[in-house]
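Required output: the full structure, derived from the provided sequences and hints.
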Amino acid sequence: MAGSSPVVNKLRGVAALVCFQGIGEALVYFSGIPIPGPVIGMILLFAALQLTCTETPEWLGQTGYFMIRWLSLMFLPACTGLFFLPNIAADQWLPIIAAMVVGTLLTMVVAALLMKKLMPARAQEP
Amino acid sequence: MKSWLLLAALLALTGIAFAISFRLYQKFKAHPAIQALLHPLVTGPLLVTGVLLLCGIDYSLYRQANSPFFFLLGTATVALAIPLHQQFHHIRQLASPLMATLLFGATFAVISALGIAWLLGATPETLVSLAPKSVTTPIALGIAEKVGGAPGLTAGIVVFTGVIGAILGPLLFSKLGVTDERIIGFVTGICAHGVGTTRAFEISSRCGAFSSLGLGLTGALTALVLPWILLWFF
Chain A
1 MAGSSPVVNK LRGVAALVCF QGIGEALVYF SGIPIPGPVI GMILLFAALQ
51 LTCTETPEWL GQTGYFMIRW LSLMFLPACT GLFFLPNIAA DQWLPIIAAM
101 VVGTLLTMVV AALLMKKLMP ARAQEP
Chain B
1 MKSWLLLAAL LALTGIAFAI SFRLYQKFKA HPAIQALLHP LVTGPLLVTG
51 VLLLCGIDYS LYRQANSPFF FLLGTATVAL AIPLHQQFHH IRQLASPLMA
101 TLLFGATFAV ISALGIAWLL GATPETLVSL APKSVTTPIA LGIAEKVGGA
151 PGLTAGIVVF TGVIGAILGP LLFSKLGVTD ERIIGFVTGI CAHGVGTTRA
201 FEISSRCGAF SSLGLGLTGA LTALVLPWIL LWFF
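Going line by line, the protein sequences match chains A and B. If you read the first sequence in our numbering, its first letter stands for residue 1, the second for the next number, and so on. If you read the second sequence in our numbering, its first letter stands for residue 1, the second for the next number, and so on.
No wet-lab data here; the hints were simulated from the structure. No residue lacks a Cβ here, since even glycine has one placed at the ideal position from N, Cα and C. A couple of the hints might just be wrong.
[Unchecked claim] Have a look at the derived ranges for each label pair, beta carbon to beta carbon:
1. A:C53 x B:P151: 37 to 43 Å
2. A:V18 x B:K29: 29 to 35 Å
3. A:L11 x B:E202: 36 to 42 Å
What follows is the structure, given as structure tokens:
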């Protein structure tokens, strides 16, 4: 019965993910913690998987990777907001852009070099 | 009735813009440097913005029409637990380098942004709006509201940071000679949150799992610590 057809599998997977999303949103709503509901849902699903199974059930894995593959489609409306920023004083543009571009790239370089240095030799990529 | 049709059309606009930008992205597979700049997260929003400006439609209406995508973004965030679970034995082995990189990277991201902006004459309000730039949008908005930043500005800054990190990060890592997917993933997650994680999953699911971890940990750490520091300073 379980895992009979791909459609049933997908529906089961989506139902499980939405369930955890809902639990996360509810927890945030009632507790007022400043972390987004879906991030709490992710932590709870991770905990549930760690506690119950070593192998991810196929129906869940399939749906999960399907969702992840199309993440950039789901990000598209949010990213469009970038072109509709509120009015900012003209002299603030340079500091903002410089901080975003230079600050982010600098952080990536320094953090990557640090992590490379800290990686244990035996766990290094073959 | 008519407004219902408009909302449906604005929802379809996202799908069409994505299909076009995704095709374009695939066409440049042979030229990685050009391909990186033509990522669907760059060309897609440009297309949508063009159409909205041409038709004189407000972003808030477009955003409302696309609320299904905002919901699915949350569902996909939950799904990030799956690669995290599957890669956890690799992650546990590396607990101490990961923690050290997290603490250093998340702190450095805030300090470098504030330092650069301050040197170039940013006002206190701009500084507060910039501070949470490397954290996933909902957390960043919560922080900005708490300490008196401008939420609209913070949302834009966060997305732009994510796009910069996701697009230029992989090019930067290859220049630096960093080829380890675990480093690429984790650092991208720390600096470029969900947008960077999307890019990391295109490299491999292992890279994506490390990026999800970086995103989740940076979000939690920043949400817990940054508001106190900012309130203390400003």
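Hints versus structure:
| no. | hint | result |
| --- | --- | --- |
| 1 | A:C53 x B:P151: 37 to 43 Å | holds, 40 Å |
| 2 | A:V18 x B:K29: 29 to 35 Å | holds, 34 Å |
| 3 | A:L11 x B:E202: 36 to 42 Å | violated, 27 Å |
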